[in-house]
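Following the hints, complete the assembly by docking chains B and C onto the known chain A.
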Amino acid sequence: MRGAVFHALTVNQFDVPLVWELMERAEWLRGLDREEARTRLQGKIVATLFYEPSTRTRLSFESAVLRLGGSVVGAENARESSSSKKGETLEDVFRVVGCYADAIVIRHHDQHELDRAARFSPVPIVNAGAGSGEHPTQALLDVYTIWRELGRIEHLTVAVMGDLKYGRTVHSLLRLLAKFPGVRVRLFHPAPLGLPDDLARELAASGLALERAPDLASAIRGADVVYQTRIQFERLAGEVDPNAASLYALTKDHLALLPDHARILHPLPRVGEIAPEVDDDVRAAYFRQVENGLYMRMALLDAMLGGERR
Amino acid sequence: MRGAVFHALTVNQFDVPLVWELMERAEWLRGLDREEARTRLQGKIVATLFYEPSTRTRLSFESAVLRLGGSVVGAENARESSSSKKGETLEDVFRVVGCYADAIVIRHHDQHELDRAARFSPVPIVNAGAGSGEHPTQALLDVYTIWRELGRIEHLTVAVMGDLKYGRTVHSLLRLLAKFPGVRVRLFHPAPLGLPDDLARELAASGLALERAPDLASAIRGADVVYQTRIQFERLAGEVDPNAASLYALTKDHLALLPDHARILHPLPRVGEIAPEVDDDVRAAYFRQVENGLYMRMALLDAMLGGERR
Amino acid sequence: MRGAVFHALTVNQFDVPLVWELMERAEWLRGLDREEARTRLQGKIVATLFYEPSTRTRLSFESAVLRLGGSVVGAENARESSSSKKGETLEDVFRVVGCYADAIVIRHHDQHELDRAARFSPVPIVNAGAGSGEHPTQALLDVYTIWRELGRIEHLTVAVMGDLKYGRTVHSLLRLLAKFPGVRVRLFHPAPLGLPDDLARELAASGLALERAPDLASAIRGADVVYQTRIQFERLAGEVDPNAASLYALTKDHLALLPDHARILHPLPRVGEIAPEVDDDVRAAYFRQVENGLYMRMALLDAMLGGERR
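Protein chains in written order, with this note's numbering: chain A, 2 to 311; chain B, 2 to 311; chain C, 2 to 311.
Hints were generated in silico from the structure; no laboratory data involved. Note that this is a predicted model, so its numbers are computed, not measured. Some hints here could point you the wrong way.
[What the hints assert, rightly or not] Interface residues of chain B toward chain C, partial, derived using beta-carbon atoms under 7 Å:
1. Leu-10
2. Asn-13
3. Arg-35
4. Gln-43
5. Arg-57
6. Leu-60
7. Glu-63
8. Leu-67
9. Glu-77
10. Pro-270
11. Val-272
12. Phe-288
13. Glu-292
14. Leu-295
[As the list claims (entries may be wrong)] Calculated pairs, DSS-like style, for lysine-lysine (alpha carbon to alpha carbon, straight line, at most 27 Å):
15. Lys-166(C) / Lys-86(A)
16. Lys-180(A) / Lys-166(A)
17. Lys-45(A) / Lys-86(C)
18. Lys-86(C) / Lys-87(A)
19. Lys-166(B) / Lys-166(A)
20. Lys-45(B) / Lys-86(A)
21. Lys-45(B) / Lys-253(A)
22. Lys-166(B) / Lys-87(C)
23. Lys-166(B) / Lys-86(C)
24. Lys-86(B) / Lys-87(C)
25. Lys-166(A) / Lys-87(B)
26. Lys-86(A) / Lys-180(B)
27. Lys-45(C) / Lys-86(A)
28. Lys-45(B) / Lys-166(C)
29. Lys-87(A) / Lys-45(C)
30. Lys-86(B) / Lys-86(C)
31. Lys-166(C) / Lys-180(C)
32. Lys-166(B) / Lys-180(B)
33. Lys-87(C) / Lys-253(B)
34. Lys-45(B) / Lys-45(A)
35. Lys-166(C) / Lys-87(A)
[Stated by the list, open to error] Over the 10 Å line for every Cβ pair with chain B, so calculated as not near, a few chain A residues:
36. Arg-26
37. Pro-54
38. Asn-78
39. Ala-201
40. Gly-239
Cβ atoms here follow ideal geometry from the backbone N, Cα and C, with glycine treated the same way.
Isolated chain A (complex conformation):
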């Protein structure tokens, strides 16, 4: 296991058995009492380097480390650090921080630089979101949430909505879902924010059934999973009518289109694309998704550093 998850840079590293192993490990860790869990990374140190600040994701990882009994050293704003400004390469950063920590969780703006530099790291690197690249732990926790909430990942109809062009969480999630049989995806997005062509081709080649929905209702009607994401309309000035935001927002009125077993996910933060009135519906799974994220990140770090499950 330790060999199987050395770095976690892209969902491409995670095949279906490994995803299962991580979900089972997450369940197992969830079942431990706090004191038992804190023996797993006792004495281990994890560094969190955020070149783009993200309180939410950083706190999720840091809590995961602490819940496993490890310690954290962190940089909330690594780009402001003098050595980064001085032009130090990321491989030197990894070689140096790898002397201080047993693993490095990093949010960096460039997936390619990350992939290249990771080869020089003496310790495991976890990608905590890389520019418009990948966000593998988000995809793992999304899939874990689908499994926990619906009991399966296979043969599902998933509506994926919002910004599919720049949304790294969507990119990672679709790549991961493509590994499971029979997943059909309905896409709904403003015209300029569709999936990148090469990603659409890659996913189709992997056997994922993709179709574009003409409107929100068509996208979600009868879906098993609705995966909503945020659209930065301010980026689309001139291309999309800003009043169009309501066409992409999920409200209480849409709930009638969803089966009782359906679940609504969102990587958060949300702004207006899911109305707060939806929160109280049992199908709104996004806050449970946050908690699952904690356990999935615990599972990943435990698989990297904690050794065999007892």
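Showing chains B and C alone in chain A's frame:
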């Protein structure tokens, strides 16, 4: 107890018996050796979210958590975090961070938003200073210092000086003192920086005796407690002569006006409003006040998360 | 010992027996297993205050504390904190933070202010780099690396290159080397970046043999230690031809000039002044130097707070 202190948002929540319980708990924690104290929050995680950076207050809370054996995840500059910039609501922040932490200590710019959002939090929220609103833990530690230094809180004459308009520590302190019998307050401040009218009325209605002093000497002469605060004269350009600063500054010469049992407090940081030459006088209690703050914050967190006193 | 290292502000505090004691302590800590090491600062809290952000140095100190079982409270960007902006003095900062922590590690821009304020601190202060002043722990880890790699510190020829004017690591290292007998130093630098005159005089008076080399090859030929540092050519616009950078950069071609036992050190970060092709040579000691830094900082903190060696 646990029920009594769920959130700590305003001093209005704290009645006299609860203040006593917290002061006694602070004394009890002070008496424990370090190892014993560290069993109190063992395995607990506290998040510190500072939307306005404040090293001093954040470190006070974080040390309190660590001294009790808990762990900290923190955001030194939460406003720079991407999700805050993206427009996420504070209630979503609390719902998310409440999945990672057992309590949240927050410095936020808006007391009203804080009060509203706290209702959605799954975990206790501690207000670590909210804009021009409240700073309840500062008031608790101020009162704790008065009690430790003078042996009582009742029937005292307290000179409160400096910026009484924007000073949230003064607002919280006066509200808390109003709950104790027989406290008389002398106010001394530049004309434009008096107590807000509605607060003055609220305090008078609570039975606090307030009078305005014409000068510093009249304010402090024979007082039991002198509570000095910082004035931002740069804010008052055109309204107050900047050379007036010396009228509001406490120097060695003033010490003769104070009884031997009197004590000088300051929430810190100070700039020039207490001359360093005062520091060595035993009546200068502001650095002991800092240490009391550590124990009062330990007491509050212990009451929230640590369970019954042994 | 505890008395001997109260603060660590300048290398001038460290005489040869104390350097030996710290190096031996570093070796001893290195030999402990992680669990044993974590008993040394159990229950102790160290504050890290970085007025100039430096992820690398901060993480080194924080890992050192955690490896010894202590806890950390930290400010990644202390200058942004409100109290610093409000004009609080550094002695007040130390008196306050000294209530929260058992020691304070600080990077501050002004060595003189640091020296003065430290006298008011109730807890030990560790200088983690002060403007163009000193960086004593870097010098200690440099000397520790020389000893570990070459087996001795005495009677060595050391080539010191790069920015010798503003480079505080060079200043501290030369002052420390001057305490050991028979060290000969060859300096190589752009004309405007020589050693400050008063430092050169101070070092010569201490018995350090200094000579200036005309080119890189002359500086390093037959040297036991090559200490390379970064030059900020952008600072030298108009004074030095920016194309001159290659004259000061160490490449694979230079390795033939060095004896097999020679070692190349660098305080890092590096930009182009050591080509990555040098990294694989066994004489390239700069990443081992990083690891030695962790153990030297553990040794210093342990000498301050951990009590007697067992």
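Do the hints match the structure? See the list:
The interface hint given for Leu-10(B) is violated, since its Cβ lies 21 Å from the closest Cβ of chain C, which is over the 7 Å cut-off. At about 25 Å, the closest approach between the beta carbon of Asn-13(B) and any beta carbon in chain C exceeds 7 Å, and the interface hint on this residue is violated. Annotation: interface hint on Arg-35(B) holds; nearest CB of chain C at approximately 4 Å, less than 7 Å. Of the supplied interface hints, the one on Gln-43(B) is violated, with its beta-carbon coming no nearer than about 12 Å to a beta-carbon of chain C, more than 7 Å.
Hint on Arg-57(B) holds. Least Cβ distance to chain C is approximately 5 Å, under the 7 Å limit. With 7 Å as the threshold, the beta carbon of Leu-60(B) comes within range of chain C, its nearest partner Cβ sitting at about 5 Å, so the hint holds. Using the Cβ-Cβ criterion of 7 Å, the hint placing Glu-63(B) at the interface with chain C is satisfied: the shortest such distance is roughly 4 Å. Look at Leu-67(B): its Cβ gets to within about 4 Å of chain C, closer than 7 Å, so that hint holds up.
Residue-level restraint check for Glu-77(B) holds (minimum Cβ-Cβ distance to chain C is 6 Å; threshold 7 Å). Because the closest C-beta pair between Pro-270(B) and chain C is about 4 Å apart, less than 7 Å, the hint holds. Taken as an interface hint, Val-272(B) checks out: its beta carbon lies about 5 Å from the nearest beta carbon of chain C, inside 7 Å. Taken as an interface hint, Phe-288(B) checks out: its beta carbon lies about 5 Å from the nearest beta carbon of chain C, inside 7 Å.
For Glu-292(B), the interface hint holds, since its Cβ comes within 7 Å of a Cβ in chain C; the closest pair sits about 4 Å apart. Taking 7 Å as the C-beta contact cut-off toward chain C, the hint placing Leu-295(B) at the interface holds, the least distance being around 6 Å. For a cut-off of 27 Å, the pair hint linking Lys-166(C) to Lys-86(A) stands: about 21 Å separates their Cα positions. This hinted pair checks out: Lys-180(A) and Lys-166(A) have alpha carbons roughly 21 Å apart, not beyond 27 Å.
As the CA atoms of Lys-45(A) and Lys-86(C) are separated by approximately 36 Å, the hinted pair breaks the 27 Å bound. Simply put, Lys-86(C) and Lys-87(A) have alpha-carbon atoms about 25 Å apart, close enough for the 27 Å limit, and the pair holds. The straight-line distance between the Cα atoms of Lys-166(B) and Lys-166(A) is roughly 50 Å, outside the 27 Å bound, and the hint therefore fails. Pair hint Lys-45(B) plus Lys-86(A) does not hold up; C-alpha atoms about 36 Å apart against a cutoff of 27 Å.
Distance restraint check for Lys-45(B) and Lys-253(A): the Cα-Cα separation of roughly 37 Å exceeds the 27 Å cut-off, and the hinted pair is therefore not satisfied. As the CA atoms of Lys-166(B) and Lys-87(C) are separated by approximately 18 Å, the hinted pair is consistent with the 27 Å bound. For the hint pairing Lys-166(B) with Lys-86(C), the CA-to-CA distance comes to about 21 Å; that is within 27 Å, so the pair holds. A threshold of 27 Å between alpha carbons decides the hint, and for Lys-86(B) with Lys-87(C) the separation of about 25 Å falls inside it, so the pair holds.
Between Lys-166(A) and Lys-87(B), the direct Cα distance comes to roughly 18 Å. Compliance with the 27 Å bound is thereby established for this hinted pair. At roughly 53 Å between alpha-carbon atoms, Lys-86(A) and Lys-180(B) are farther apart than 27 Å, so this suggested pair is violated. Distance restraint check for Lys-45(C) and Lys-86(A): the Cα-Cα separation of roughly 33 Å exceeds the 27 Å cut-off, and the hinted pair is therefore not satisfied. For the suggested pair Lys-45(B) and Lys-166(C), the alpha carbons sit about 49 Å apart, so the restraint of at most 27 Å is broken.
With a C-alpha separation of about 34 Å, the suggested pair Lys-87(A) and Lys-45(C) falls outside the 27 Å cut-off, and the hint is violated. Distance check on the hinted pair: Lys-86(B) and Lys-86(C) sit about 23 Å apart at the alpha-carbon level, within 27 Å; holds. For the hint pairing Lys-166(C) with Lys-180(C), the CA-to-CA distance comes to about 21 Å; that is within 27 Å, so the pair holds. Between Lys-166(B) and Lys-180(B) the alpha-carbon distance is near 21 Å, which keeps this suggested pair within the 27 Å criterion.
Under the criterion of a C-alpha separation no larger than 27 Å, the hint pairing Lys-87(C) with Lys-253(B) is consistent with the structure, at around 23 Å. Between Lys-45(B) and Lys-45(A) the CA atoms are separated by roughly 18 Å; this keeps the pair inside 27 Å, and the hint holds. Straight-line distance between C-alpha atoms of Lys-166(C) and Lys-87(A) comes to about 18 Å, which keeps the hinted pair within the 27 Å bound. With a cut of 10 Å on Cβ distances, Arg-26(A) stays outside the contact zone with chain B, its closest approach being about 19 Å.
A cut-off of 10 Å between C-beta atoms contradicts the statement that Pro-54(A) is not in contact with chain B; the least separation is 5 Å. At roughly 7 Å from the closest C-beta of chain B, the C-beta of Asn-78(A) falls inside 10 Å, breaking its exclusion from the interface. With a cut of 10 Å on Cβ distances, Ala-201(A) stays outside the contact zone with chain B, its closest approach being about 26 Å. No Cβ of chain B approaches the Cβ of Gly-239(A) within 10 Å, the least distance being about 21 Å, so the stated non-interface status holds.
Hints 1, 2, 4, 17, 19, 20, 21, 26, 27, 28, 29, 37, 38 from the earlier list are contradicted by this structure; the remaining hints agree with it.
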